Each structure stands twice: as C-alpha cells, then as structure tokens.
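Residue numbers (the working numbering), protein chains in the order written: chain B, 1 to 206; chain H, 1 to 577.
Don't take every hint at face value.
[To be verified] Under 10 Å between C-beta atoms, here's a sample of chain H residues computed to sit facing chain B:
(1) 106
(2) 108
(3) 140
(4) 192
(5) 205
(6) 207
(7) 209
(8) 396
(9) 426
[As the list claims (entries may be wrong)] Here chain H is said to cover these stretches of chain B; the calculated rule only asks that three of the stretch's residues, wherever they fall, bring their Cβ under 8 Å from a Cβ of chain H:
(10) 159-165
(11) 178-186
(12) 190-198
Calculated directly from the structure, the hints in this document are not laboratory data. Keep in mind it's a predicted model, so treat the numbers as computed, not measured. We put the CB at the ideal spot given by N, CA and C, even for glycine.
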Amino acid sequence: MSEERYDELSRREILRNIGLGLTLTAGGADLLSAQAAQHVHQAVAEQKKSGPYKPKCFTAHEYRTLQKLADLIVPADEKSKGAIEAGAPEFIDLLASNNADLAAIFTGGLAWMDREMERRHKANFVSATPEQQTALLDAIAYRKNDAPEIAPGIRFFAWARNMTVDAFYTSRTGVDDLGYKGNGSMSEFSVPEEAIQYALRRSNLA
Amino acid sequence: MWYLWKEMLQIQPRPQVYDVVVVGSGAGGGTAVKVLTDLGVNVALLEAGPMLNPARDFKEHLWPWQVPHRGAGDNAELYFGRMQWGYFSAPNGYWDIDGEPYTVAPGNEFRWFRSRIVGGRTNHYGRISLRFSDYDFKPYSTDGLGTDWPITYDEVSPWYDKAEGFMGVTGTKEGIRSAPDGNFLPPIPPRVHEILIKRACEKLSIPCIPSRMAMLTKSIHGRAACHYCGQCGRGCVTASAFTSSQAMIFPAMKTGKLTVISGAMARELITNDEGRVTAVSYVDKATRTEKRIRCRSVVVAASACESARLLLNSKTSRFPNGLANGSGMVGRNLTDTVGYGLNGHIPALSGLPRHNSDGIGGMHMYVPWWELDKKNKDFPRGYHIELGGGFGMPQLGSFRSACNRHEGYGKALKNKIREEYGAIVGFAGRGEMIPNEHTFCEIDPNVVDRWGIPVLRFHYRWSEHELKMAKHMHETFVRIIDSMGGTVLGLRNPEREEGGISVGGTIIHEAGTVRMGDDPKTSPLNRYCQAHEVKNLFVSDAGPMVGNPDKNVTLTIVALAWRTAEYLAEELRKGNV
Numbered sequence: 001m002s003e004e005r006y007d008e009l010s011r012r013e014i015l016r017n018i019g020l021g022l023t024l025t026a027g028g029a030d031l032l033s034a035q036a037a038q039h040v041h042q043a044v045a046e047q048k049k050s051g052p053y054k055p056k057c058f059t060a061h062e063y064r065t066l067q068k069l070a071d072l073i074v075p076a077d078e079k080s081k082g083a084i085e086a087g088a089p090e091f092i093d094l095l096a097s098n099n100a101d102l103a104a105i106f107t108g109g110l111a112w113m114d115r116e117m118e119r120r121h122k123a124n125f126v127s128a129t130p131e132q133q134t135a136l137l138d139a140i141a142y143r144k145n146d147a148p149e150i151a152p153g154i155r156f157f158a159w160a161r162n163m164t165v166d167a168f169y170t171s172r173t174g175v176d177d178l179g180y181k182g183n184g185s186m187s188e189f190s191v192p193e194e195a196i197q198y199a200l201r202r203s204n205l206a
Numbered sequence: 001m002w003y004l005w006k007e008m009l010q011i012q013p014r015p016q017v018y019d020v021v022v023v024g025s026g027a028g029g030g031t032a033v034k035v036l037t038d039l040g041v042n043v044a045l046l047e048a049g050p051m052l053n054p055a056r057d058f059k060e061h062l063w064p065w066q067v068p069h070r071g072a073g074d075n076a077e078l079y080f081g082r083m084q085w086g087y088f089s090a091p092n093g094y095w096d097i098d099g100e101p102y103t104v105a106p107g108n109e110f111r112w113f114r115s116r117i118v119g120g121r122t123n124h125y126g127r128i129s130l131r132f133s134d135y136d137f138k139p140y141s142t143d144g145l146g147t148d149w150p151i152t153y154d155e156v157s158p159w160y161d162k163a164e165g166f167m168g169v170t171g172t173k174e175g176i177r178s179a180p181d182g183n184f185l186p187p188i189p190p191r192v193h194e195i196l197i198k199r200a201c202e203k204l205s206i207p208c209i210p211s212r213m214a215m216l217t218k219s220i221h222g223r224a225a226c227h228y229c230g231q232c233g234r235g236c237v238t239a240s241a242f243t244s245s246q247a248m249i250f251p252a253m254k255t256g257k258l259t260v261i262s263g264a265m266a267r268e269l270i271t272n273d274e275g276r277v278t279a280v281s282y283v284d285k286a287t288r289t290e291k292r293i294r295c296r297s298v299v300v301a302a303s304a305c306e307s308a309r310l311l312l313n314s315k316t317s318r319f320p321n322g323l324a325n326g327s328g329m330v331g332r333n334l335t336d337t338v339g340y341g342l343n344g345h346i347p348a349l350s351g352l353p354r355h356n357s358d359g360i361g362g363m364h365m366y367v368p369w370w371e372l373d374k375k376n377k378d379f380p381r382g383y384h385i386e387l388g389g390g391f392g393m394p395q396l397g398s399f400r401s402a403c404n405r406h407e408g409y410g411k412a413l414k415n416k417i418r419e420e421y422g423a424i425v426g427f428a429g430r431g432e433m434i435p436n437e438h439t440f441c442e443i444d445p446n447v448v449d450r451w452g453i454p455v456l457r458f459h460y461r462w463s464e465h466e467l468k469m470a471k472h473m474h475e476t477f478v479r480i481i482d483s484m485g486g487t488v489l490g491l492r493n494p495e496r497e498e499g500g501i502s503v504g505g506t507i508i509h510e511a512g513t514v515r516m517g518d519d520p521k522t523s524p525l526n527r528y529c530q531a532h533e534v535k536n537l538f539v540s541d542a543g544p545m546v547g548n549p550d551k552n553v554t555l556t557i558v559a560l561a562w563r564t565a566e567y568l569a570e571e572l573r574k575g576n577v
C-alpha cells in the first residue's frame, strides 16, 4: 500500500493513542507496553514499504484499468483526495492475489469493460475518452439498467464499487473525509451541546 | 522392599483429586472459578480452546489501514461470507469449527455459535446486563405458557447485587417492573441520536432509559475506568469491559488455587457405582490423547448446548439416557432470543457537527418492554429494543447499504456517503421465545467429531408467538423512525411470514437445555443447579434457565453461578458432596 502515507501515523501518534491507558492503570502496565510494541512494530513495518506498487495479481494493463475505474468511482474532490491516493487498487490487487474467486471476478470484469468499450468505440477502457468512460459507467452503475447485454458489467461494477468504497473509507484519507474523531481515549464521555442543538433544531422533536 | 514401593509410587503416582473441576471458562465457569478459589477451594478449569493473551490477541485501537487487508482477512474471506467473526474482534468463537460439526434436522434451521478460548463469549459479548423481572421467574403463573422457575426474583436479587457489584454495570434507578433496578455504576450520557430517539419515544409513550452495560464508568476492583474508545468488542486491554478471562480467571490464577488446562475438550463425565462423578474424561487436543482428571465435584459450564451434549454423552448402565437425564429433559426446552432489526435514515442528523461519539461499545440508551399491562396484544411476553447509531469508525462494509441504495459513482456517491455518515440509526428487537416441543437438541447417532465425540443434532422452530412478536417489532421501529422524521431503510411492509425474524441460534442466547425445577421427573437440576440424580454435579451456564426472558442471559448466568458456587463450597465443607 504505497501511496497511502503510513508515515502520517507517526510513532508518537501511535504511542499517544495507547499511552494514555498507561496513566489509567497500574496493574495492566505490562500488557499495555506489549500492546504498544505491537502497534509500533506494525506501523514501522508499513513505513518501510516504499517505491511504486508492483501488482501481484493483475497485468500492467489490467492494473491501469483498475486504477482508472477506482478513480472514477471515488474521485478526488474539493474536500479530499480519491481512491487512488487511498490505496484502493493495491487493496484489491492484494486480496485478489490471495483469492482465486476474487481474481476471476476482477480479471473477468476488467476484460468485459475493455470488450464492451471496443464494441462501442473501438478502444479499450483506458484509451476511451472521459465521456465514453462515464457513458459506460452510467449504464452499468444501476440495477435498473439490467439487460442481457450488460448484465455481467452490472454485476462486476457492484463488486468494484463496494471494494473501492471500502478501501477509500478505511484509509486515513477516507476517515478524515468523513471527519471521524474517535479511536482515541477520553477521560470522560460527553457530547458537545452544539451538536445536540443542531440535531434538535433540525428535527420536529425540540 | 522400600525401594520397590517407592518405584511403584513413581510409576503410578496417585493422581491429584481436585475439589472441583469446572468445564468451560465463560461467564458461568469464570464465576465458579472466581467464587470457589476466593473461598479457598482447589479448582481445575478445563477449556476446549487456547489460553487468552490480551496483549497479543486484542486489536483495540488499530486503524483499518494498519492491516494490509484492512480487516477482510488474508484471503478476502470477508467478501465471500467466509469470515467467522470480525477480523478486529476479540477471540471469541466460531460459527463453524473444523472437525467439530453439528447437524440440523431436515427442514429445520439453526446456527450454533461456539467458543473455544479462555473467557469464552465474554471476551466479545455485548455486555448488556439486564435483570430478569419478578414475572420472568413465574411465566406459567403469569400467562399459562412455559414453566415456572423453582426460585423467585427475591431469591435471586441478592446474587444480582453481587454480580453487578463485581462486574460493574452502568444504569439508573427507574422503578420499571420490566427492568428491575440494580446495583449500578453511574450511567453514561446519551449520544445525539439517542437524545432524538428518546424524544421520539416520549411522543409515543415508550420509555427510553440509560443502558445497563458491563463497562466501568469508574474504576472498581483494580480495573481501570473506561477510556471510551467504543471498541469493547475488540477486547479491552485495561479490562474496563467485563470479561470472565480478565476479571475472574486471571486473578484466580494468582491465588494458587486454580489449575487451568486449556486445549482440553471434555468427552464424558465418569461416575462410580454410587452414581457420583469421580472424574472428567477429556481429549488433550495437542496430543489427541485421552486424559482423566479426578474430582470431588464438577461444575459443567460449557454453554447450554455443549453442557447438554456432555451429559447426554455420559451414558452408563445406571444412566442409560445420559447423566442426570432421568427426566428426559436434557437437550429439551432449547430457546434463543427473538431477533429483528431495522435501520432508518434521519435527515435531522445529516451534516451533524463532527465529534467523538465512540463512548462505550454499544448503546448508551435502550428501550425496556413497555406493554406489560396491555391486555389485547396478539403475542405473549415482550422484548426490549437496542439502539445503534453515531459516528462509528469506518470499516469494510460500513457503506455497503449506501452503495446499494444510491448506486452510481463519483462525486455524487461521495457526497451521499458524507451526508449520511452519522445519520443512520438502528433498532434491534430482542424478545422472549416460549419453549416448544419442536425445539431441542439431541445426540446425532450417526456423526462424531474429529475427537470421536458424538455431536449434537438440532431441531428448531419458531411458533406463531415469536413471528407475531417480530411483526410488532417491525411496526414499532417504523413508528419511531417516522416520529423522528426519518426514512425506513428496507421494506416498509415486508411479507412477514418467517422473513425478517432471526435464524434460531444467531442471537447467541441459547438457554433451557438443562433446566432447574423442584420435581426430578420434569427437570434435571434442582433449585441450586445441582443434578437431582447426581449430587456432586452442577451446571452453571444458561442451560439451567427455565425460561429465556427478553433480557440477555449473561448477568443471570453470573448471578446463578455465584449462588451455585457458594452453595457448592458450603456442601464441600460439610462433606455432603
């Protein structure tokens, strides 16, 4: 997972995340330090990975097609980067390299995209124009368009969308996009009054 | 001569006889271990799974991206329905265990979740801790269905006090008959969606009160107060969420009174000519060898169905139907909780200012049963409602529903997901099933597991009572979502035959298979969860429960196990067992 910046998760941050527990409990200190060690070890291992990602499962062409598709499914916008930066193609490639059923779904689906685009415009998916690409996606991104000619595309796109969305929102980029603030420690649980008033004001329950 | 005698001693050392062998290390076994060792009794604990190591096994605080597969499993098991339990979850158990099958009678549907780890299901469970009500102990007297317990709420109440005091349970005194008050730690403030749900419930005259959960809102018994990361299900390194492993078994190991034997699959209880248990026969999984451990008494706490299996597999000429089964009731009266769930999208929560809503792992508010006195309902008993919602840590699958509903792609999909994040609320009904003659487990005469132990065959059928209750749940959840100005996600008026109600076993609240009662002709156990026919045999899990009220079983397992363990210790002291 090259482009997701693991170094964002610094040693300091990892230790801070779990270190607070150390001040809370005396008895469990040995357990906590072991836990801390595990986290740090893992994060450091991730940071060592660098250089461009080499696909384990897909051919170079398949991988480029997958990258294009992921970029169309979750693009960068005004608020955040997109699926490529979040490591979606690497995630799918890694899992497909360990699961033949998944590999078949993606190699088959990507090939279908190329054949369909060639049938329509005499170009494979990545070489087609952006308008041609979105026209094909507009057809296969909705169940209501289901018809024998594009049924395989609709089934495949549901897989590609689910896994791309999964990969994006389980990355630091996606978590920040949503504004998730947790996975840390609080000494007391409380909810900001501003949030309560926001919801009550917008509801019919005030 | 002396040498010879000494050599013989070394060749055939007299095996140690433990005061008590406990089979199973979950809520019931852990409680037995804690209470007995506190009273100075020598205990050996058999656990079919490995020892738990929180530092190694718990994945608390890990972000999904810190694992290359992000929680899908190395081989993408999650995407093919082959993941046994969440990757980030604490070690807990399995829906399927290699080499340890069970069977389901044709035309029946049942799923059996089994634990194989020190601590059992308490390493992960939801920790909802509700006392049974006075009427729950007298169901037959209340509405003519089921069977009365041999004990009353007033007899169990002091044991609930002890269980709550030790485990640490949040809550408030409410004076509601369907939700008896307890020995509570401070409650935890409601999240924003829970405030809205409470207000909506007020409009509908439905109570919504602070939840009763076994997480520490302040430090007790050397366990640190909660740090509100919301990840109790992943295992808690500070043991702020109750587990039998961390709160009961690990401390007991330090007393010198406890011997833990993990990887030990109990096969059979060995009895002597007087019909007393003298040993437990078990398979040492690591070496696949048969071993025996000798005891003065045994506490079977292997989970309702595994305990029934162990008794049914302990057949002798004296006990041809299995041990403690003269009544024929071992394996019978199996129940699980009635489950039904529905989600809603609440526009008032869209764009809610972001904040940390993790809190404790699970709901901060819940709805106890509210129609106790209503006369003309079309189903007996009741249910409680568990609430979900808030800004959860994004996981694989968190936005599957959004993808399915909105479809499409690109910036539009991204905007939809942002807008809905934190604006989805969930309702889960958890209701009481009445025991019926079609629902039970028995030994399958044709199948043994990899250890050569005959396996269970399940029969399971919901009755009209449960199906009608699930329909009532659906209608209630729709009313609450409507009152919040929300949209029901899923079918508004589903065809409600079997559809929608949980598959038997999947709520993981099995109970009733070794029930207690005063009459040995109709119940295997007496009022102390002691076998009528075998005085040194006790059962401490949900097996002894005569009914399965709409209150998750764990707190009552602990309370009854505590009571049984003190009784057993006293009987040992008096020389009665």
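Structure-based check of all given hints:
no., hint, verdict
1, 106, "violated (29 Å)"
2, 108, "violated (30 Å)"
3, 140, "violated (41 Å)"
4, 192, "holds (5 Å)"
5, 205, "violated (15 Å)"
6, 207, "violated (16 Å)"
7, 209, "violated (17 Å)"
8, 396, "holds (5 Å)"
9, 426, "violated (17 Å)"
10, 159-165, "holds (count 4)"
11, 178-186, "holds (count 9)"
12, 190-198, "holds (count 7)"
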